[in-house]
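Let's have the full structure, built from the sequences with the hints guiding it.
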Amino acid sequence: MSVHKPTTIHALACDHVSLLKSNYKWEDAPDEDKFSQCVHCGMCLEACPTYQETGLEAHSPRGRVYLIKSVAEGKMELNEFFANPVNTCLDCRACETACPANVQVGALIEEARGQLIKSDPPKGLSGMVHKLFLHHLFPHPRRMQLLHSLLKLYQKTGIRKLTHRIQLLRILPKHLMDMEKALPTLTSPPALRSHPERLSAIGPRRAKVAVLTGCVMDVVYSDINDATIRVLRENGCEVWIPQDQRCCGALHVHAGDRDMAKKLARMNIEAFLSEEIDAIIVNAAGCGSTLKEYDELLKSDPQFSGRAAEFAHKITDISKFLINLGLILPEGSLDLTVTYHDACHLAHAQNIREEPRKLLESIPGLRIVTLPDSDRCCGSAGIYNLTHPEMANALLTRKLDDIPSGCDAVAMGNPGCMMQFQTGIVREGRAEQIVHTIQLLDWAYRNESPNLQMQKG
Amino acid sequence: MNIDVKKKFIQSMIKLLGKAAVLHQYEELVSYECDGYTIHKGLPSAVLFPANTEQVAAAVKYMAEHQIPFIPRGAGTGLSGGATALNGEVLISLVRMNKLLKVDYKNRRAVVQPGFINLKLSTSISSEGYYYAPDPSSQSTCTIGGNVGENAGGAHCLKYGVTTNHVLGLEVVLADGQIVRFGGMPDTPGYDLVGFFTGSEGTMGIVTEITVRILKKPQGIKTVVALFEDVAEASQAVSDIIAAGIIPAALEMMDRIAIEGVESGNYPVGYPLDIGAVLIVEVDGIEAGLQDQIDHIVAVCQRFRIREVKQAANMQERASWWANRKTAFGAMGTISPDYLVQDGVIPRSTLPQVLARVDEISRKYGLRIANVFHAGDGNLHPLILFDSRIEGDTEKAVQAGSEVLKVCADVGGTITGEHGVGVEKMEDMRFVFTEVEIEAQLKVREVLNPNQLCNPDKIFPKPSRCVEVKRYIASVNEEHAAH
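As they're listed, the protein sequences go chains A and B. Residue numbering for the first sequence follows the numbering used here, beginning at 1 and increasing consecutively. Residue numbering for the second sequence follows the numbering used here, beginning at 1 and increasing consecutively.
If you're looking for bench data, these hints aren't it; they were derived computationally from the structure. No experiment lies behind these values; they were computed from the predicted model shown. Wrong hints could be hidden among the right ones.
Stated by the list, open to error - Below, a list of computed lysine to any residue pairs in the SDA-like style, where the Cα atoms sit at most 25 angstroms apart:
| id | chain 1 | residue 1 | chain 2 | residue 2 |
| --- | --- | --- | --- | --- |
| 1 | A | K21 | B | K120 |
| 2 | B | K120 | A | D335 |
| 3 | B | K462 | B | Q441 |
| 4 | B | K216 | B | R389 |
| 5 | A | K292 | B | E263 |
| 6 | A | K75 | B | L86 |
| 7 | A | K75 | B | R389 |
| 8 | B | K102 | B | Y26 |
| 9 | B | K99 | A | N102 |
| 10 | A | K75 | B | N2 |
| 11 | B | K102 | A | G55 |
| 12 | B | K102 | A | E53 |
| 13 | B | K6 | A | M76 |
| 14 | A | K75 | B | Q25 |
| 15 | B | K99 | A | P404 |
| 16 | B | K120 | A | D373 |
| 17 | A | K34 | B | L385 |
| 18 | B | K19 | A | E53 |
| 19 | B | K99 | A | G55 |
| 20 | A | K358 | B | A313 |
| 21 | B | K102 | A | Q52 |
| 22 | B | K19 | A | N87 |
| 23 | B | K19 | A | T387 |
Unchecked claim - Sample of chain A residues lacking proximity to chain B, with all beta carbon distances greater than 10 angstroms (derived):
| id | residue |
| --- | --- |
| 24 | S60 |
| 25 | M76 |
| 26 | L150 |
| 27 | R193 |
| 28 | A271 |
| 29 | K314 |
| 30 | E361 |
| 31 | G406 |
Unchecked claim - Some, not all, of what chain A presents toward chain B, calculated at C-beta under 10 angstroms:
| id | residue |
| --- | --- |
| 32 | C38 |
| 33 | C44 |
| 34 | E96 |
| 35 | W240 |
Ideal Cβ placement from N, Cα and C applies to all residues, glycine included.
This is the structure in structure tokens:
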């Protein structure tokens, strides 16, 4: 009797990856070497926040990689059924921590979004918003500084109070209204403008570093930039703030706008590599992870790929840099109970988990309690909370529920997460303060009992 | 399913379960073509996400009435294609029935829904000092319902037994949509249908609630790894450890190629790449006496050529060894685009001999085979590495896998220890069962799944239909004779 095996062995011709059949038509398509590394084991499933919420295979890392492969095989097209799961990904990289085979899901998603945006450029209102923010605002430091001034004017002159009183903001969707309410009161001016280009080390010089001031960070949280610069100097670092630096392009990469991201990457490489430095210091997890992946972004640019690797190598998160350098212990004490949230792009994308905790542990008086599931995404994910408010809110609610009782503050290392947390805290009328890890350290150095209320919107 | 039937079916399901619980468009179904076993694929007609037992029953009832075949599915981490819709069946995904319903610490029982994640049970009861023992490597993502379907095992099943030893009671939706409950106590009157359903691979109905045994966490745990120069000597050491009267909680082994995989994967622990094999041995129980057992194990290992024996300094080191071992299958993705994992079981003493035969098979087909074993209970997981993009490679891997299972059967073992037969090993069932034995089992299935609607065409070899054909021909002949 002949052996009868089921007839659907998938190695039949239809499943072969063939460039001719691929529905990716543009440069930088999702890389076969990357997606063929996935063996469909499913170890990523429960690590994925969107899978946890939906239970849908297409909204899991394994499922998304399968779809990405299916488009390359010509089994799927670049249509809404592909765009929806790909765009619903938070790009939080939790799956990369879970994946036994090191599949670069984040890079695959970003490449897939690059193809989607080419095949169907954003039109209408969302196209306008895309262009306004990603082309006309974020890439231009001066316009960002102007935005800072406008926001400050809005907050200071009573226009904000007025708009709240006459409920003008009701024309905005609910989640935007919530975010507006949570916007912190802007205190210090953007660091890129307000600090001299070079600042000397306090005490003996131990290193020379460049600081990325960022775009959102420098508009909304410029006081964190101030704190970063102070802490670096306190630790014997000569600080250089390259004046030609730009937005890192993280939001562009996440949105699939690879052309603009590459443009910004080239400008940053030129700006930061024009001098000998020991490290480029980043205090925003999302920026850090994107900057470290410039070599991946520019891999098809022979002129820049070499320097991109050198640049990426110099990128260091402020927490890791201080621990590696040997932290000068702060003397001031903080009588506070804090918990620490792992920003996805620190924990999953950069594998930085211990260093921020070590910084907190170095602060006399500080009591640290554990946040359960601390490395699950809070739903911020760049501009995800603007584009996918429902999912972002579900994740935010779970995150807030996890905060242990009795905390004075929640510390983290990413401005996006901070804004997301702040939105939730204000919405639920809670009392916890949202702070950057480096702010706590800065306060300890300055031995200041910080007026935490300053942080509140 | 023809278009009109499908249209009506989808409408009815949406009415029954809600729009968000029914997937039916081609693109929505693509990612459900296969589970953790990727060699055979099939697009389901639809995927349903019931929220409770009543919804499962109602959906099944409809499908039974309309003769629409269906398959229950958990997380889709199965390794034998048990949840693959080879002929356009409807998938019933249980992932949204994912609650821990009750924990009864006094009587050491917990009640879960089928979509509840295995590891979550242990983490949920850990603070009270309890855990759930069966620990398949995929435990961080696989569902307990799926574990019941496959009678899943795991590293620590050597001492504690597989899933079936931990299931006390089941609620099941039968293939006609009726809801039944069996068991609940350690021994109940009537037939042992709890044991019968456990491991039936979704061919007897859909499990909708599970009562499991929970255990008190052991007072002490000690773990060692031993790095062997030679894989055959490592296998001999496994036999000798058990022969010495020690029952470790776990006794795991990985050979050189497997080590190459895990060390290039996401959880490397620094095993040297040139050793023959690594043994991971764990003992647990009452603290007193554990170190003696470890010393004894180390002494046994030291009779062979070993590079190093190391005891875990702390729980963190132990955890890193287990993370490394438990991600071994997936880590193969770093050294090969595809793998086929086999699940043979052999008498422990034949381990060196079987390994030599596996090596021959590897050379015969020109495919690398990495070996990961639950060595203590003779459960082999040869991972046959191949590249489905190379013409003929997949077929070669399937053939090689089948030959490995033949070897296992020939030395008195069997073809699956914990992964199930699924679609993968249907033909290989002939290595361990006679036609009569297969037929006896089919007769049992006939009773509860008479129309082959519930996970059809799985487990048993197709030509068994020959039996039916023969029976038909015989009856026709009888009729002729009668005339």
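The hints, checked one at a time:
For the hint pairing K21 (chain A) with K120 (chain B), the CA-to-CA distance comes to about 42 angstroms; that exceeds 25 angstroms, so the pair is violated. About 36 angstroms separates the Cα atoms of K120 (chain B) and D335 (chain A), which puts this hinted pair outside 25 angstroms; it is violated. As the CA atoms of K462 (chain B) and Q441 (chain B) are separated by approximately 14 angstroms, the hinted pair is consistent with the 25 angstroms bound. Of the supplied pair hints, the one linking K216 (chain B) and R389 (chain B) is violated, its CA atoms being roughly 48 angstroms apart against a limit of 25 angstroms.
For the suggested pair K292 (chain A) and E263 (chain B), the alpha carbons sit about 24 angstroms apart, so the restraint of at most 25 angstroms is met. A hinted pair counts as satisfied when its Cα atoms are at most 25 angstroms apart, and K75 (chain A) with L86 (chain B) qualifies at roughly 18 angstroms. For the suggested pair K75 (chain A) and R389 (chain B), the alpha carbons sit about 16 angstroms apart, so the restraint of at most 25 angstroms is met. Note on K102 (chain B) and Y26 (chain B): the hinted pairing is violated, with a Cα-Cα distance of about 38 angstroms set against a maximum of 25 angstroms.
Using a Cα cut-off of 25 angstroms, the hinted pair K99 (chain B) and N102 (chain A) is violated, with the two alpha carbons roughly 31 angstroms apart. Taking the CA atoms of K75 (chain A) and N2 (chain B), the gap is near 22 angstroms; set against the 25 angstroms cutoff, the hint holds. Taking the CA atoms of K102 (chain B) and G55 (chain A), the gap is near 22 angstroms; set against the 25 angstroms cutoff, the hint holds. Between K102 (chain B) and E53 (chain A) the alpha-carbon distance is near 22 angstroms, which keeps this suggested pair within the 25 angstroms criterion.
Annotation: proposed proximity of K6 (chain B) to M76 (chain A) holds, straight-line Cα distance about 22 angstroms (limit 25 angstroms). With a C-alpha separation of about 14 angstroms, the suggested pair K75 (chain A) and Q25 (chain B) falls inside the 25 angstroms cut-off, and the hint holds. Our distance criterion of 25 angstroms between C-alpha atoms is met by K99 (chain B) and P404 (chain A), whose separation comes to about 23 angstroms. For the hint linking K120 (chain B) to D373 (chain A), the alpha-carbon distance of about 12 angstroms falls within 25 angstroms, and the restraint holds.
Straight-line distance between C-alpha atoms of K34 (chain A) and L385 (chain B) comes to about 17 angstroms, which keeps the hinted pair within the 25 angstroms bound. Distance hint between K19 (chain B) and E53 (chain A) is fulfilled; the C-alpha atoms sit about 16 angstroms from each other, no more than 25 angstroms. Between the alpha carbons of K99 (chain B) and G55 (chain A) the distance comes to roughly 13 angstroms, so the proposed pair stays at or under 25 angstroms and holds. For the suggested pair K358 (chain A) and A313 (chain B), the alpha carbons sit about 22 angstroms apart, so the restraint of at most 25 angstroms is met.
The straight-line distance between the Cα atoms of K102 (chain B) and Q52 (chain A) is roughly 21 angstroms, inside the 25 angstroms bound, and the hint therefore holds. Distance restraint check for K19 (chain B) and N87 (chain A): the Cα-Cα separation of roughly 21 angstroms lies within the 25 angstroms cut-off, and the hinted pair is therefore satisfied. With a C-alpha separation of about 23 angstroms, the suggested pairing of K19 (chain B) with T387 (chain A) holds against the 25 angstroms cut-off. The claim that S60 (chain A) lies off the interface is violated: its Cβ sits roughly 8 angstroms from the closest Cβ of chain B, which falls inside the 10 angstroms cut-off.
At roughly 6 angstroms, the least C-beta separation between M76 (chain A) and chain B is not larger than 10 angstroms, which violates its mark as non-interface. For L150 (chain A), the requirement that its beta carbon stay farther than 10 angstroms from each beta carbon of chain B is met, with the minimum near 42 angstroms. No beta-carbon of chain B is positioned within 10 angstroms of the beta-carbon of R193 (chain A); the least distance is around 42 angstroms. With a least beta-carbon separation of about 34 angstroms from chain B, A271 (chain A) lies farther than 10 angstroms from that chain, consistent with its non-interface assignment.
Distance check for K314 (chain A) against chain B: the nearest CB is about 25 angstroms away, which clears 10 angstroms, and the non-interface claim stands. Distance check on E361 (chain A): its Cβ is at least 17 angstroms (rounded) from any Cβ of chain B, clearing the 10 angstroms threshold; non-interface status holds. Non-interface status of G406 (chain A) relative to chain B is upheld: no Cβ of that chain comes within 10 angstroms, the nearest being about 18 angstroms off. Residue-level restraint check for C38 (chain A) holds (minimum Cβ-Cβ distance to chain B is 6 angstroms; threshold 10 angstroms).
Residue-level restraint check for C44 (chain A) holds (minimum Cβ-Cβ distance to chain B is 8 angstroms; threshold 10 angstroms). At about 8 angstroms, the closest approach between the beta carbon of E96 (chain A) and any beta carbon in chain B falls short of 10 angstroms, and the interface hint on this residue holds. A distance limit of 10 angstroms between C-beta atoms decides the matter here; for W240 (chain A) the minimum to chain B is near 36 angstroms, and the interface restraint is violated.
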